[in-house]
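Residue numbers (numbering that gives the first Met the number 0), protein chains in the order written: chain A, 0 to 149; chain B, 0 to 342; chain C, 0 to 321; chain D, 0 to 126; chain E, 0 to 661.
Derived by calculation from the structure, the hints in this document are not laboratory data.
Certain hints may be false.
Said to hold, decoys possible - Under 10 Å between C-beta atoms, here's a sample of chain C residues computed to sit facing chain A:
no., residue
1, K41
2, L44
3, V48
4, E188
5, F196
6, Q200
7, L246
8, I249
9, N289
10, Y290
11, F293
12, Y308
13, P315
C-beta atoms are modelled at their ideal positions from N, C-alpha and C, and glycine is treated no differently.
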Amino acid sequence: MQEITENKEFKPLIVAFCCNWCSYAGADLAGSSRLSYPANVKIIRVPCSCRVNPIFILKAFQRGADGVILCGCHPGDCHYSEGNYRTRRRMSLLFSMLNYLGIEKERTRVEWVSAAEGAKFSAVMNDFVKTITALGENKKLEDLRCKSKN
Amino acid sequence: MYKIKLSDLDKLYKAISEDYPLYLPIKKAGEVNYGLYGEDEEVSLTTLKTVKSPKDAFFPQSEDLVNFKVDGNKIEVIDVRKEEQPFVVMGVRACDFKAFDVLDRVFLVDPLDTFYQNKRNAAIVVTNACTEPEDSCFCKVFGIDASDPSGDITTFIIGENLFWRANTEKGNALTEKVKGLFTETDDKIVAEEQKAIREKINSLPNVNLDLTPFKDEMLDIFNSEKWGKLSEACLGCGACTFVCPTCQCFDIRELTKNDGTVSRFRCWDSCMYSDFTKTAGGQPRTTQMQRYRQRFMHKLVYYPENNEGVYSCVGCGRCVKSCPMHLNIVKVIKAFDKGGKDE
Amino acid sequence: MQIQELVLHKAEEYLASGKVDRVLAWKKGETFYDNSPAIFTKDNLNGFVYNEFCAPNLSKYLVNESKKEGKILVFLKPCDTYSFNQLVSEHRIDREKIVVIGLECQGMLDEKKIYNLGFKRIEKVEDGLDNIIITADGQQVQIKREELLSVKCVDCKSKEFAVADETIVVNEMKQPDKNSRFSVVSELEKMTEEERFKFWQNELSKCIRCNACRNVCPACTCTHCVFDNNKSGIAGKANSDSFEEKLYHIIRAYHVAGRCTDCGECSRVCPESIPLHLINRKFIKDINDNYGEFQAGKTVSEHNPLVDYTKGDCEPKEMVGK
Amino acid sequence: MENFDIEYIKEISRTDVRKCMKCGKCSGRCPAFNDMDIKPHQFVTLLGQGKFDVLLKSKAIFSCLSCMACVERCPRGVAPANVIEAVRDTVERMQNGNAIKAEDIPPIVDDLIPQQLLVSAYRKYRK
Amino acid sequence: MQRIGVFICHCGTNIAATVNVEKVTEALRKEPCVVFADNYQYMCSENGQQLIKNKIKEYNLTGIVVCACSPRMHEGTFRKTAEAAGLNPYMVEIANIREQCSWIHKDIDEATEKAVILGRTAIAKLTLNTPLTAGETGVTKRALVIGGGIAGIQCALDIADAGYEVDIVEKRPTIGGRMSQLDKTFPTLDCSACILTPKMVDCAQSEKIKLFTYSEVEEVKGFVGNFKVKIKKKARYVDETKCTGCGVCMANCPSKKGLNAFNMNLNTRPAIYIPFAQAIPNVAVIDPEQCIKLKTGKCGLCQMKCGVGAIDYTQKDEYVDREYGAIVVATGFKPIDLTNFNEYGYADNKDVITSLELERLMNAAGPTKGVLLRPSDNEHPKVITFIQCVGSRDVSGCGKPYCSKICCMYTAKHAMLIREKYPDTEVHVFYIDVRTPGKNYDEFYRRAVEQYGVDYIKGMVGKVYNENGKLMVQGSNLLDNTQVVIPSDLVVLATAIEPDPSVRDIASKLTISIDTNNFLTEAHAKLKPVECATAGVFLAGVCQGPKDVPETVSQASAAASKVIGLLAKDKLKGNPCVAHSDEMMCTGCSQCARVCPYGAITYEDKTFGRGANATVRRVAVVNPAVCQGCGACTVTCPSGAMDLHGFSSSQILKEIDFICKK
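Chain A with its partners taken away, still in its complex shape:
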């Protein structure tokens, strides 16, 4: 958190995809426990982490997101019994590919957060924001056309 306040110029934009059954509920629990995390984390609710298409992640980067994090139920706990196992393979391969093309591996992350892990959700988001702040702006995957000229 300290670094974030020190670097006032750069507030990274974080897009977090959260599955409805575990991680979104975990985020709610973080909220009802008043466990703060930076406001630049914005959550998109999806039914299951396996609903997240690689296209969504690339699109978020295109639109200027500096980090994308995907949260789902712990493996074995998926509401749909196996969705997150598929997420795990898909995202492993996608993130590995992004890194292969030279994208910093810290920019993408998958975390398993249960509905009971409000504290974890908040900790993960704080840590992710810290990591991305240290990493700086996403320049390798943004779409310059989408940037408004100053």
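Using the hints, position chains B, C, D and E against chain A.
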């Protein structure tokens, strides 16, 4: 006529680029394309065929047309056109130069394409004669002399020297600026080389293609059964159209920027694509055969019909080299040749 | 008898007996290299050819051809047979209507590499197995085959036929060295993120978005590709920004991940010589390293590493950058 | 010079005494139970209570056999023997390491002696 | 063009204290399609909902965005509100500005800015919403209970009592389960058989209940209200309809060395057997592993002796297809394996036994006919030591981390019964804690101590070893800080319990999630303790967590009431947020079906175009009643033909655009 040692060309590029943005063939990751000169770039002026043609200089693959912003019921239109500063395109081959004429006949007639026009007017074109034409070249078929391209300035690479000849006022002006790097010479060596080039061209395999059937038998050709066979391997990709110096079709699309501004831009389209000509009313060309036929009928029949017999193919041979399945305009012309093989 | 004649004989034999109505093969072009895929019938076998310039993988044509009336014979090189199986697995072609003849392949040649040798006029190119005999500029030279191989054949994955009703093999085909296939991918992996980014930025910025890689790909057989579909949110025609190229190539490779047989057609047809196979191969390598060896199209199978999973799969952070 | 205190023992014992559910299985299993002034389970409790001086005065640290039976049997993954060893080490270290000398070892080594016993023996004898 | 209304909730000060609701209202009012925006103190209140209803009518709204608490809290509420005002309930989007904004941010400007972005994003998503209607499916008026123990029996009886058909599938040859093995039950010391067997008989006699004993669930298809189950009836080699349970076959069987599982393998039984006298159905079964006839083809004595000709050596496994509206899982438990606990000498000493074995040794129908004799020499044990928490509360990896819940009570029961029947016996109990929450439970335990003089020792046993024919139990007595050694004749281990291993297979067939200890996971730990995340599947008994008989019976009845509630409905409304395939884009590649965890996707050949242009293509079809809406298929589909209602790709992409909008 001037000349400069090939080993001194870097000085020439640098000198030109001090006054103008300079576009010329640059090698990047193993392939040569037109690009903006910079000291770190690897210039490859001797490359006969860049992958993409220099038409990008006037008609870029993607180009912003207009921006607009919507606020409630108000629409604010933002003109994004800039005043084009003069720039230099160097190394243009005879066929590609001829292709500018083909594009002019599309973009510079009413309604005038100001985006194209501004760039065209701002450009100083330095052509380069083809001292080593290849098997895939057939510009001669379209009456192009690869040994003597025009343009504002014509250059010839002969032996260890590049010969430089200004043809126009613009050319003279540029020459004045860089004259210090040249030594003056007569055109004897150039004339000899031109003769040699013409001989080489005459020995190429595809320089005697017969185009008369496309003038005389337009309907027969359109209805010919041969198109089916000719196009059956076509994948419907756009490689041939995107490397073509004369293809001028584009699509207009929009992109919403992060601040809500909508950017309307055009980008190259290809008549080989299945959604080309698709409208709300349907798709008039439903098969790849129809699309394939359209492309060549346009190059060899429709365009000349509307443009005093000027073909919209310049024989650069790029499509011959780039088609994944080795289909090309040469095969089409030969198929309809009277003495051609019956298919 | 040379392979060309044997292949032609086989085509004639099948057509004459009426066992098939059409033959999908290659047709001789105007010069030594420009053979094109073509359909032949009993009445017309003009220009039928099989030589070292028959690189196009014919499998994809069967998606449409097997929908037509009658039976069709297709000639497939060993690597093409994998694409064929994969298409059968995905219900894209009707196996019942197709006779598959596997053909010997010693590695197809790249005409660009021959032109790059500096010859002015090339008269003839002959296949001498280990060497290629080129007659040009009034002389004859022999060049090692390896030096002229098409990019798709440089790291051949296998000389085994994944499927074939019959095969025509005259000379023994040497099994390729399996280890070399991923060597370039490994080298890239060893680079720093910045070096890799520079490499790919350089390569992908050449992309002219002609879609040749997609349209030639036997795994890309969608009725309506997401990149052509305005509703998909990623439709695009132009390489208008470096993001577009990356998005296009990442999604293109991702959509065929687990289904790509590594036939290399994408790299072969790229007018800008972008080594697209290195993107696909990275997916294959990651799958092999983390989920067990898998070769798409080796058999007709429901199995696909991207639709399967195991409970013990590694976490993304354990795979990325390792 | 290190700071010898209760935290030091906690740290070098590498065991979390809060996991103890006070079942007494360690003491139930201990073969040296009767020779110990402080019993294995008490070591865990006393460490948890922070009774540094009581622990240091224990004679039991020299009667513990380091047989590790208590560690083996603990259902909660606590390691009482580690605590005893940590106390022993602390006592030794506070005395500036007057342990057995290397040259004294060979005559007393027997092939069947477990390594662990040997190591703890270095610390136990020559008080 | 939609007409959107935006409603911003203060939630008292929960939102309004950190989010400037007025500013948010102003900002969102300017968004495209928004025709109305207002804020109110409590949107979820009666007045708040009325406000929404009024505005929907007044402004002829086509959709509403409510900026309030988490959609997990009140999405349902506002959907009903919208529906009451004539709007499709799926034209409602919630912007979570409480849990994910006001509650976690302190800076008002920052929180307000974020609330505006979240509101805008919800509006953007709503512009792409389409009215959705939930499909309706019928309900098969029959329930399946998997497991015929007390949980399954009670549940089936309750369901049958309500007038619905119910099938019990039990893998053993008889129903009755673990309870039938018990001697007495705490805290009343009723004879277990006396209270259980009448219920077993009721099951057998009920017209509504059909028993599939010696049977297993082979395959489960379908979905809530419409399950299709394949049941495997294992071959008994005895015709159930003919066998009278007379027992002549058992008496004549020459192969008598089979271990008697009912008596915890403490004695033997013949190859043809009836598990116990009160078995339901009271029908013999042949153990094919043991039967001489089945193994060698020679013998056939039982067939000769059977008066009714019930023996049939040619019987094969049979498969029965049945349809159900609801399924109850009641698969029960087993004691854990004790191989990891060699300190207690269970494997080496016949006289170290588990509590369940003691139940059989004390039972009148057991191997000793109810006389307590120790297994090694059939002598009366004079000193008996009980060890509690064997394998329970153990995080070392040898046992189970949880408390098995029933051991304290049954150990007290055993100690008490022994002291009552054999007053000369000395009884010791080693304990860590005695846990007796429950009506009359602690009184029961105290009675064992105070009235029956059972010696409770606070401490744990370190080892049990044999010395001169005595079992030396060495443990600590923490209260006097001593180590004690008790020379005993019999040692009884209060062994931890774990779910029956069959539960894993059942869980995967029913797609129920399972925890790290193999207990089935209920839909909500507090508020949905008998439901499963998979609709139409309910839990009863120890398969969900350790519990004793009274608790099991309560849970079974609770599950039954849920089943009855479900079967009472004629139609079930589905979730309309399901996948759907665009057949114009589908290539029929089959990848989506391979990732669907519910088997909701099938393929059909469809003709497109007419006349000469007609082509036949294989396309995917989603059964909306089976689809649960996870979206796995949408990502697998390369052509983008597969999409999800309520969370469509274009909606999510639009959300991304608006979150990133600057």
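Enumerated hints in conflict with the structure, sorted upward: 1, 2, 3 and 11
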